[in-house]
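So the protein lines, in turn, are chains A and B.
First residue of the first sequence? That's 1 in the numbering used here, and the numbers climb one at a time after it.
First residue of the second sequence? That's 1 in the numbering used here, and the numbers climb one at a time after it.
Don't read these hints as lab results, they were simulated from the structure.
One should not assume that every hint holds.
Chain copies aren't distinguished; within one or between two, either way the pair holds.
[Claimed, not checked] Here are the simulated DSSO-like pairs of lysine-lysine, each with C-alpha atoms no more than 30 Å apart in a straight line:
no., residue 1, residue 2
1, Lys-358, Lys-150
2, Lys-120, Lys-290
3, Lys-290, Lys-276
4, Lys-127, Lys-280
5, Lys-97, Lys-276
6, Lys-358, Lys-376
7, Lys-205, Lys-97
8, Lys-150, Lys-320
9, Lys-100, Lys-320
10, Lys-280, Lys-120
11, Lys-262, Lys-276
12, Lys-320, Lys-125
13, Lys-127, Lys-358
14, Lys-314, Lys-32
2 protein chains.
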Amino acid sequence: MPTKTAKKNAKSGSPAPISEAEYRARVATIQKAMARERLDALLITSEDNYRYITGFNSPTWHNLTRPRYCVVPLSGDPSVIVPANNTAIIEETSWVKNVKWWIAPCPADDGVTLTIDALKACAGKFKRVGAELGPQSRLTMPVGDFFRIKEGVAPIEVVDGDWMLREIRMVKSPAEVEHLRFVAQAVSRGFEALSRRISAGETEKQVAEKLQADFLRRGVEKIPYLVGVSGAGGYRNIHLSPQDRVLRRGDVLVFDTGCSYKGYYCDFDREYSFGKPSNKIARMYDIVWKATQAGIDAVRPGATCSDVWHAQAKVILDAKETSGLDFDLAKNGRMGHGLGMRMCEPPSIHPEDFTVLKAGMTITIEPGISYTHDGKSGPEPRVMVHEENVTVTEDGVAMLTRRAPPEMSVVR
Amino acid sequence: MPTKTAKKNAKSGSPAPISEAEYRARVATIQKAMARERLDALLITSEDNYRYITGFNSPTWHNLTRPRYCVVPLSGDPSVIVPANNTAIIEETSWVKNVKWWIAPCPADDGVTLTIDALKACAGKFKRVGAELGPQSRLTMPVGDFFRIKEGVAPIEVVDGDWMLREIRMVKSPAEVEHLRFVAQAVSRGFEALSRRISAGETEKQVAEKLQADFLRRGVEKIPYLVGVSGAGGYRNIHLSPQDRVLRRGDVLVFDTGCSYKGYYCDFDREYSFGKPSNKIARMYDIVWKATQAGIDAVRPGATCSDVWHAQAKVILDAKETSGLDFDLAKNGRMGHGLGMRMCEPPSIHPEDFTVLKAGMTITIEPGISYTHDGKSGPEPRVMVHEENVTVTEDGVAMLTRRAPPEMSVVR
């Protein structure tokens with residue numbers, strides 16, 4: 001019964017909220033890094049950085065009309081500059097007390113002057129402020145207005161401050177790991193229950209409906225990312241939304257999802273075979289499952305992302321050599337990534353990413369292969385990707401997800 | 001039964017997909033505007049613009065690691081520059097045939113050189129290209145990389161090209177209106193069914209679970225935006241996610257949602273009274289309902305957004321004067337906005353927005369008031385916001401949503 005499940009989760013499993021002390025500790029760590037990077041202030045505009053620092057929590061980010069700003073000074077508490085109708089969100093979800101507001105939308109000056117003033121008030125020492133400009137960042141405001149802020153604060157220099165935040169945020173606190181574990185466990189159990197709740201004859205979309213409803217019942221708050229793809233003899237890619245395609249015996253269906261709980265994400269996939277999988281599919285699954293295991297086993301403090309990539313690649317490339325089967329590494333460019341208040345964060349599990357793993361980091365292990373299915377009208381390309389979420393511990397690794405079964409789940 | 005409902009929707013109500021001819025007509029309209037604005041090319045990076053032009057449809061936008069680019073030339077077909085693992089998305093969802101790709105992530109050059117080359121190849125006539133820089137835009141790539149593109153194409157000038165697109169996109173085609181109607185109708189029916197399916201003693205989150213599952217069953221594809229707030233004697237704001245608060249008699253619960261179908265949004269709210277509403281709440285509801293109706297009735301080709309704002313404000317301000325009740329206009333800054341492949345688009349229903357309404361525009365009518373609830377421990381601020389979605393017709397207005405009931409829905 002839905003109600004019962006939700007209550008049970010709320011009672012037992014759900015982690016304690018992030019405390020004001022933790023938010024303050026985050027700011028202190030950021031300010032230490034700012035001193036090292038010679039930044040007087042940080043300008044924050046993107047949802048995850050904003051929530052990480054201030055706690056600000058609202059669906060309003062989906063409305064692009066009104067931007068919002070947070071300024072972190074070199075010392076002292078952050079301040080926020082928000083549309084008037086967002087002050088209630090600050091009062092209800094944030095520990096930050098320095099609030100300035102304007103009535104938005106106001107195309108002539110949507111917070112620009114207030115933000116220029118706030119940055120200038122901080123920028124005495126280094127004459128440099130950081131903004132979200134670096135790799136994988138998204139400045140969450142109109143860039144035309146950013147140019148006006150940049151000109152407005154001159155001769156104060158505006159440089160990237162995002163990468164510094166990314167590096168700090170790679171290492172999670174125990175409370176953060178508990179949030180990540182909670183959502184990964186809820187989604188794992190939803191995936192495990194699915195094969196018994198669906199059958200051939202349903203469409204991808206209908207199956208996705210059941211899966212999403214179940215995730216929500218298990219305590220997931222949002223399902224911002226849901227891929228669902230199916231096909232005879234495997235799936236063509238792992239990037240499309242579920243469609244009206246009817247599922248049939250011989251199909252493989254994959255779901256890949258980024259669900260969130262209090263802003264913390266899981267990111268992993270699971271596969272379902274409609275009827276017993278072919279020998280070929282079973283072999284492919286076994287190889288990718290073992291590559292995943294090798295990746296998990298390679299995670300420990302001191303190992304690099306490159307090491308974890310090579311551990312996974314070795315299983316696949318060795319199997320390619322000895323199995324006589326025709327497959328190759330998928331063209332994803334990496335085999336996993338950081339995970340936190342973004343679904344995909346640095347580092348990358350990539351042969352040339354030499355980030356050293358530390359206790360508290362949370363990453364995905366995500367090997368993939370491409371192979372060929374002998375379809376009715378000739379050869380058809382297929383991929384197979386597995387993914388698990390783990391955290392680096394003091395002496396090794398701990399699972400956040402519940403491990404995928406060693407053989408593909410079968411829908412009877 | 002879920003399966004039956006979904007089948008029924010898929011069979012009867014769901015609109016035909018956007019045709020290649022329509023995508024080509026969109027590009028032709030854009031190119032005409034580009035000539036007028038003296039732009040050799042448009043650089044597109046944001047999800048809704050990208051989908052509007054190319055059809056590209058994938059949840060992958062939620063992964064910020066890999067950006068993607070589309071270049072619209074002054075004449076000829078657009079080209080796309082995408083990560084290697086996104087080429088399958090183009091093949092499956094887009095009509096665009098000019099595809100360049102790179103293996104991402106590649107922090108040293110994530111599509112930057114390819115994009116510079118593509119822009120330079122177009123920019124012969126005006127030496128100007130447009131990018132997403134203007135009001136309400138979001139450049140969906142790292143801004144550090146945008147600076148590199150800007151420098152890389154110099155002396156070609158990069159100016160805002162987004163506002164031109166916004167103006168074109170304000171007017172919807174019949175096929176677009178059908179998509180918007182489909183999702184608005186599905187969500188309307190889900191809202192209408194809710195009061196019979198919930199009861200006091202449940203939490204906001206539990207009620208939200210039921211509502212979301214029902215939306216999905218009725219054919220909604222995604223629920224990117226869901227606000228749920230409740231309180232004794234009304235709700236404090238209309239900006240927070242549903243929480244574990246238990247609903248009790250005397251509460252008012254509001255849900256505001258932006259659901260999407262094939263990328264097209266609805267955006268409206270509905271309220272529920274747990275037990276019969278107080279006289280005060282009933283009066284407030286009546287006033288805001290009538291303000292909404294006045295807004296709807298003011299919509300016709302030739303009217304301005306300002307006219308529609310004033311029609312709504314008049315009902316509220318007149319009632320304030322004659323009713324003797326203590327309330328005021330809410331501080332939202334506007335009373336409605338454009339609606340389409342973004343939940344909130346220009347124009348704004350704002351006293352100073354003089355955009356002239358034209359047949360095919362789709363807008364929300366969204367009056368709001370603030371008032372005071374006499375709580376146990378003193379006066380508490382409350383807001384009440386109503387919202388409907390409409391389209392401008394050749395001679396007036398047509399509803400997209402099913403009109404909210406003239407009295408607040410009661411949960412018994």
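Hints and how they fare:
In the homo-oligomer, the alpha carbons of Lys-358 and Lys-150 never lie at most 30 Å apart, since the shortest distance is 36 Å inside one protomer and 37 Å across protomers. When the C-alpha separation of Lys-120 and Lys-290 is checked against a cutoff of 30 Å, the pair qualifies neither within a copy, at 55 Å, nor between copies, at 47 Å. Taking identical chains as interchangeable, the C-alpha atoms of Lys-290 and Lys-276 lie at most 30 Å apart only when both belong to the same chain, with a minimum of 20 Å there against 60 Å between chains. Taking the shortest Cα distances, Lys-127 and Lys-280 never come within 30 Å of each other, neither inside one copy (62 Å) nor across copies (55 Å).
Taking the shortest alpha-carbon separations for Lys-97 and Lys-276, neither the intra-copy value of 59 Å nor the inter-copy value of 38 Å comes in at or below 30 Å. Proximity of Lys-358 and Lys-376 under a CA criterion of 30 Å is satisfied in neither setting, with 49 Å inside one chain copy and 51 Å between copies. In this homomeric assembly, Lys-205 and Lys-97 come within 30 Å of each other (Cα to Cα) only across copies, at 28 Å, whereas the closest approach inside a single copy is 45 Å. Taking CA atoms no more than 30 Å apart as the test, Lys-150 paired with Lys-320 passes in neither setting, with 53 Å inside one copy and 44 Å between copies.
For the identical chains of this complex, Lys-100 and Lys-320 are inter-copy neighbours only, at 29 Å across copies versus 60 Å inside a copy, given an alpha-carbon limit of 30 Å. Taking the closest pair of Cα atoms, Lys-280 and Lys-120 never come within 30 Å of each other, the shortest separation being 64 Å inside a single copy and 47 Å across copies. For the homomeric pair Lys-262 and Lys-276, neither the shortest alpha-carbon distance inside one copy (38 Å) nor that between copies (33 Å) is at most 30 Å. Taking the closest pair of Cα atoms, Lys-320 and Lys-125 never come within 30 Å of each other, the shortest separation being 58 Å inside a single copy and 52 Å across copies.
Proximity of Lys-127 and Lys-358 under a CA criterion of 30 Å is satisfied in neither setting, with 33 Å inside one chain copy and 49 Å between copies. Taking the closest pair of Cα atoms, Lys-314 and Lys-32 never come within 30 Å of each other, the shortest separation being 40 Å inside a single copy and 54 Å across copies.
Checked against the numbered hints listed earlier, the structure breaks hints 1, 2, 4, 5, 6, 8, 10, 11, 12, 13, 14; every other hint is satisfied.
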